[in-house]
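Visitor: Can you build the whole structure from these sequences, using the hints too?
Protein chains in written order, with numbering that gives the first Met the number 0: chain A, 0 to 240; chain Z, 0 to 140.
Derived from the structure by calculation, the hints contain no laboratory data.
Hints may be right or wrong, so weigh each one.
To give an idea of the chain A side of the interface with chain Z (calculated C-beta under 8 Å), a few residues [said to hold, decoys possible]:
1. V74
2. R76
3. R182
The beta carbon of each residue, even a glycine, is placed where N, CA and C say it ideally should be.
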Amino acid sequence: MTDTSDTTCSPLFTPQMLRGVFVVVPAYNEGECIGAVVRELRAAYPNAVVVDDGSSDETFEAARRAGALALRHVVNRGQGAALQTGIECALRRGAHFVVTFDADGQHRIEDIAALLEPIVRGECDITLGSRFLGGADDIPWGRRMLLKSGVLFTRVFNRVRVTDTHNGLRAFSRRAAERIDLRLDRMAHASELLDQIRASGFAFREVPVRIRYTAYSLRKGQSARGAIRIVFHYLLGRIFP
Amino acid sequence: MIAVLVCEYLPPSSAGPPTGFQTIGVVLLGALFVVSLAAIFLGRATRREGIAWALVWFCAAVAIIRPELTVRVAKALGIGRGADLVLYCSVVAMMAGFMMMYVRLRRLQRELTLVVRHLALRETSFEANPETGVAGANQRE
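Guide: So, in structure tokens, the structure goes:
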């Protein structure tokens, strides 16, 4: 895997361009680490939008203190809802590029540049991070099985060929972000998003990214039982739109 | 009340005098029948809803007074007993009811999300972020 950390210095990434990048971070009870994530993000991308999804801890305050544009859902509405709120906020503030980024510190800031590059070059409108394209050597076995079944599910139900469907790191051009309208409020939004990407007809591309598996991010991740619930929500959402 | 009148019009049951269950059932269903129709005039239910419910109570009362009628319908449909017919019908009605509730719940959740989102977006439009300086109170959303 190539090191993308110095892409931010390339002529594509001018300070003006970077101001047009809005990184949307949905966060639910991430008070422990959201501050560090936002500070790290803002060192490269000044516009971080954190959507506190009705957390009971100090997520909102921590994000705001770290310099993020913090939004608050007064009651918990789920990750899909939080993402949609963040995307709408970014668009209203004139974003040229929207990046979605998980709050638990599992993504690497360097990977954002790799995701943005094809979009900035105008080669495609959507890029999706894939942990299986890059050096996927450190993915815990249980995670790998769960994610692979997610990929299989996606091939069957969404008819989209991707290698990693449940990766929170994605980038959109403005016109692509404008077409996103997540209605499945909870975790089934990942599949819904793929449906919308396919329906929108915009070109998308997968970009290798690395996931930092920590005890914290694994604890916050989905269990197999959660995955079954998500499939159920998704299918119900297809039956009753 | 009306159900009692219905008793008069229907030919007497072959089973003899009404049982305790029949008496209580008919009185309760008659009351529900009246309440359902009254709801229309009091503006608590639409005309269609009120009449639909009144019909349900009416049919239930008839089934209680003249159980052999349900047997006849059941036989015609190939179901052995009248009680089974009633059971199947109520299961189907309940399933339909659950589905309607689910659809309604979904709509309600969707609306709640839109309200929560609206509030979240509105809240930020009033305050400038101290560091980024993005958006102030006077910036139009």
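Visitor: Hints the structure violates: just list their numbers, smallest first.
Guide: Going through the list in order, the structure violates no hint and respects every one.
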